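Chemist: As a plain string of letters, each chain reads:
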Amino acid sequence: MKYTFDEIKVAADRLQKELDGLENKADILKSVELRALYEQIKLLPPEKRRDFGQQVNALKEDIAKQVAAADSQAAALPPLDVTAPFDTNTPPADRPHALPVNDGSVHPLMTELTTVLDIFYRMGFTAVESREIDDDYHMFGALNFPEGHPARDDYDTFMTKQTDANGKPLIAPAHTSTMQNRVLQAHRDNLEKGDPIAVVIPGRVFRNEDLDARHEHTFYQLEGVYVDKGVHAGHLIATLKTFLQTYYGKTIEVKTQPFYFPFTEPSFEFALSCPFCNKQGCNICGQSGWIELLGCGMIHPNVLREAGIDPEIYTGFAWGGGIERLVMMKHDIEDIRHFESGKLDFLRQFS
Amino acid sequence: MNVSKNWLQQYLSFELPATVDLVEKIGAQLGAVETVTELSDRYAGAIVVKVVSCQKHENSDHLNVCLIDDGGVVQGVERNEAGLVQVVCGAPNVRADIMAVWLPPGATVPETYDKDPFVLTARELRGVVSNGMLASPRELALGDSHEGILEIHQDFQPGTPFGPAFGMDDAIIEIENKMFTHRPDCFGQLGVAREVAGIMGRPFTSPDWYLQEPVIASGEGLSPKIENVAADVVPRFTAQALKGVVVRPSPVWLQTLLARVGARPINNVVDVTNYLMLLTGQPLHAYDYDKVKALTKGDDAEITVRYPRAGEKVHLLNGKTVEPRPEAIVIASGDTLIGLAGVMGGANTEVDEHTENIILECANFDMYSIRRTSMAHGLFTDAVTRFNKGQSPHQTTRVIAEAIRLLSEVSAATPASQLIDLQAGLSEITGLNIKLDFINSRLGLHLTDMEVITLLKNVEFETYDITNLGEIFVKPPFWRTDIQIAEDVVEEVGRLIGFDRLPQVLPSRHIVPAAKDKLLELKKAIRTSLSRQGANELLTYSFVHGNLIEKAGQNVDQAFQINNALSPDLQYYRLSLVPSLLDKVRPNLKAGYDRAALFELGKAHNVGAIDGEGLPQEFNTIALVYTAADKLKPAGAAYYQARYFAQQMFDDLGYDIEFRSIETLPEIAIIKPFAPGRTSLVYLAGSDIPLGVVGELQAGVRQAFKLPEHTAAFELTIDGLLNISPRSTRYRPLPRFPKVEQDICLKVPADCTYGELSALVEEFMRRQERLDSHVEPLDIYQREDDPKHRQITFRISLASYDRTLTDAEVNRLLEELSVAAKDAFNAERI
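One line per chain: the protein sequences are R and Y, in this order. Going by the numbering used here, 129 is the number at position 129 of the first sequence; the sequence numbering is gapless. Going by the numbering used here, 604 is the number at position 604 of the second sequence; the sequence numbering is gapless.
Check before you lean on any hint, since a few could be wrong.
Said to hold, decoys possible - Pairs of lysine-lysine, DSSO-like flavour, derived with a Cα cap of 30 Å: (1) R:Lys-241 / Y:Lys-516; (2) Y:Lys-25 / R:Lys-241; (3) Y:Lys-518 / R:Lys-330.
These are computed hints drawn from the structure, not numbers from a lab. Keep in mind the model is a prediction, meaning the values are calculated, not measured.
With the hints as constraints, model all of the structure from the sequences given.
Modeler: Structure (C-alpha cells):
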C-alpha cells in the first residue's frame, strides 16, 4: 500500500520500528501512534476523510498480518535432523520406544473380518477389497437395476458433485455387490479351466441414513460370489451353513425367506438358529431363536451376461452380510456408533 | 402391505390354518412378516343392538334417552321389565328402530384399544343412567366420522356380537413391502390369497370378473370426451361416466373391511375405488363429472391426459398445491389441471356429498414416470406404491367393471356413457418353453413335469407338457408382469415348493489352494506390527466436514464433494487419513489417555487422480498419530517417536526404508498438515519409490486441532509395496570367534546429518571382508557452548569368521573409519 498522506507515512515507519523491538508483537495494535491516526480521521474535512480512513485501515491490517505471522513463527519449532533415530541430547530413557504392548489393539471389526476371511480362504475362496467410491454402473447398472427402478430407492446412496464419464454422479457404494461385475470378469478364466469363481469381498459401504444406536451410515459388509457349472440354490444354503458352523464352532440350523433383489433370482433372506442360546430364545435373538443375518440368492442371468458369462452354461450364487452385526452379537455391544467413534475407552477393551 | 386373514379366506376354497402357522408359512415362502395384529380383542364387547325407543333427555337439549334391545345377551346390566337397557346418546341420527352398535359397561372403546384403553361403565348423564354407549364410526376405529352413531342397515338378531358379524375377528398380517418390489399383484389381497394357496399346494381360482374380459354395460345421458396425448407413458386409460350417484357413508361391511387393513372409510364412492385397489392392486379415481364439466366450459366434461405446460399448477386432495415436474403425467380439464396422474387427484373435482355424476378412471401409467413424479414432489400415496411396481395394463377394464357393479350396489349409480378404453400398444403376454432340467439343475431337485405343472397351475399359470422330452410350456397370467425369463419360473417353482426343501450339499471343486489377497495380507501384517508396538487401530468415517480438511491445511477443492448427505459432517471424501486421526486426539486426551498412538488403514481420494478404470484413484494408506500430553513433559521431539513406529513397522514387513530430509515440502494434500524442517519423506531404501511422510504438524494445524506440542504423525501409501517382494532374511552365519565391542565418537559439523554419517559407517563396515559387524547409535550430543558441532557415538561390535580379533586390529579398523569420516565430513574422532 502506498500511503499518500504524510502523517500516515511517518506513523507507518514509527510503528514498524516499534514492532521490531516488541517482545509481545500483539501489543503494537494498542499503540498510541495508531490510536492517534484514528482520532485524526474525525477532525478532517469530509472530502479528505474517506481516503485517509481507508489508508489508516490498510495500515492497521498490514500490522495485524505481521503480528499473526510472527505468532505462527513463534509457535513453529526449529528444524530437526530427521534422519536420526532419536533427538540430540536425549538420554537413553527418553528415546523413542514402543508403548506397552498390552495397550495395543486391533479394531474389533478388523479382527472379526480376519477370522471370517480365514474360514473362507480355507473353503477355497479368494478375496478382494471393495472400493469406497464407484460409479452408477457398478452400483446399479451392472446389477440389473434398470434406470429409474424403484428397487434403487432401497439404497440411500451418497452421491458426489463430481461425475463419471457418463455425466452421472459418483456413488459411495451402498453394498459390496458393486464388486460383483469386476470379480466375475477378473476370474472368468477360471471357468474355462474347469474351476469355479469363488471370491469373497470385504469392504466399507455407506447408506445416507441418520445415526442411532442401531444404524450407521458407514459399515462393513462381506460379499461372496460363487459361479460354476451346475451350481444351485442348495449349494448356496449349504455353503453359508458350513461357514456359520465353522465360525460359531457348533451345529446350527438355517432357514431362508424369499426376498427381492434385482441382482439375484431367486433371492433370500438367510437366518440361522441362535448360536448363543441354541434356539431357546435370548436377548440377542430377540427371544425368537433365530437371527436374520444376510441377503443372498442365485446370481441373476443378466448379471452373469453383463460380465461375459453365459448363464445357460454357468450358474452361481452370491451373498452379502454385515460385519458389525457379528461383532455386536459376539461381544454384546450396545451401540453401533462405538465402532467409528475412535474412543480408546472402547478400542482398548479389545487389546 | 397389510393382509387380512378373513379377506383372504373369502377367496380360498380351503380353511386357512391357525394364524401362527399361516404367518410362518408366509414368512418362509412369500415374504418377511413384520407384525401380526389380532383384532378380535379390540371388538370383544361390541354388540349389535336395536334401538327400541328414543326420547329427549329432560335436562339436555341434545341428549336422548334410548332403550335398546340386546337380545338379553349382556350379563350384569340393569334392565327394565321388558329386558331393555337404557343408554343415553347425543348423536343427531339416533332414533327408534335403527340397528346400532352398543358398547356395554365393561367394554373397551375400540378406538382407544391400543392407546390408552377407555373402559365403559354405567354412569349418570345429567341425572339419567347410561349403560355404556352407542358408538360412532370413530369410536369403533372405522375412520374419522364422529357426527353420529354407526347405523347398520343390515338385518341382524339383536345381541349379535359386532366383531364376528363383520369379520373383525381378524388377524392383520403386515408383510414387508420390499418383498413385493417385483410383485404388483401382491399389493392386492387377491394376489396374496393366490400366493397363499400356491405355497400351501392348493389350486386357486380368481373370481370370474377378474379372469374374464368383462362385458360392460353402456348407459346414456353423459358424453365425456377423453384424450390421451401422453401415450408413451400412459399405455392404457379406461374411464366411464356414471349417473345417479348418491354419496353417503358406505355400508358397514365395506367400512369395516377397509378399516381392517388400515384404509380410512370416506364415502361410498371413494371407498369402492379404495376397496378395488386394496383387492387387486389397481388404483382407481373418481372425478365429480359436473365439476369437470364446469372447468371444461363446454357441454360435456373433457379430460386430457398430457404433460404439464409451463407454470401450470395443480391443487391436490391433500390441500397442497404443486407445480408438476415437466415430465409428470397430469390430468387436465380444459386449461385446468385436475390431477397428478397415478399420484393424487385434484381438489377441484373431488367427489363430495353433492356429487350426482362421476367419471370413474382406471388407468395404467408408466411405473418409472410415477416413481419420479412421486419423488420429485415428495408425494407417497397408496396409488404410487402400487403403480410404481408396474401394474398389468390388462386389468383396467376388469377392475372398472367390478367397481361399476359395486357402485350400483352401494350408491345407486348407473352407467351414463360408454366405456372409454384408450389403448396405446398393450404388450402381449407370451409363453416360454422351459426344459425341466433347466429348473431342476438350478434348484438341485428332481421334480417331474407333472409336479412343476401342478405347482404353477395352482397360481393360475397356463402350463403344459410340450413333448415327452422334458420340456414344458409356461405362460404367466396377465397380472404377473414380473415373469419374463426362465429363471423367473425357476424362482416361482422353488418358492412354491419351499426353498427349505432344497438339498443342502456343498459345491465340489478342485483342490487348488485359494490365493490370498496381497493388499488384505499386507494390511493384516501392518495391524499386527503396530498393535504389538502398543498402538491402537481405529476406524473413522471416509467422509469429513469441510472444516476438518481446512483445519489440516488442505484444500477442499481437491476433495470429492457429497451432494446429498443428511449430515453436514459428511461433506467431502477425505484427502488423507491423518486429519481424521488428529480429530480423535483431543477427545481421547480428555478421556484420560495421556499418551497414545492411534492408527488407521483406509482409502484416500483426490479429485483429478484417475485410475485405470477411469474412476477416482483409491490410495490405500496407513496413518498414525502419536501424542503425549504436555503434563508428561515429554523429552525430545515427537517426530522421533512417529519415525520409530514407522521404522519398526517396515522392519516387521520386511522392507528397508530411508527417512530423507527435504528443504521444501511438496504441495500434496497428504503432506499439507506436516511442518517443514520437522518432517521427512520415506522412501524404499536406495530407490526413488516414495512411500509417504513422517513428521510433526504445522503450528497452525496443531493449534486448530488443539493438539499437545508433542504430537507427530505419519501417512504412508501401501499400494507401492504390493508389487515389491519383501526381503527374505537378514540372517548371517554365526562367527565361531569371540565378539568385541568398541565405541567410536565422531565430532561432526552441525550440518552433517546423522543419516549421512551412519551410512558411511555402515558402508565402511560392510566392506570389511570375513567380518561380522553390527553398528548401533549410542548417543547424539551437542555441547551447549558449541552449536556448530555434534558428537555422534556408535557402538560397533565385531567378530571375525577366521580368527580372534586383537585390540590392535580393532583400533586400526576404527582409525581407518575415522579417517574416512574426516575425508567425507571433516569429522574428528573424540
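Chemist: Verify the proposed pairing of Lys-518 (chain Y) with Lys-330 (chain R), using a straight-line Cα cut of 30 Å.
Modeler: holds, 28 Å
Chemist: Lys-25 (chain Y) and Lys-241 (chain R) were given as a pair; does the straight-line alpha-carbon distance stay at or below 30 Å?
Modeler: The hint holds at about 21 Å.
Chemist: Please work out if Lys-241 (chain R) and Lys-516 (chain Y) have their alpha carbons no farther apart than 30 Å.
Modeler: holds, 23 Å
Hint compliance for this structure: every hint is met.
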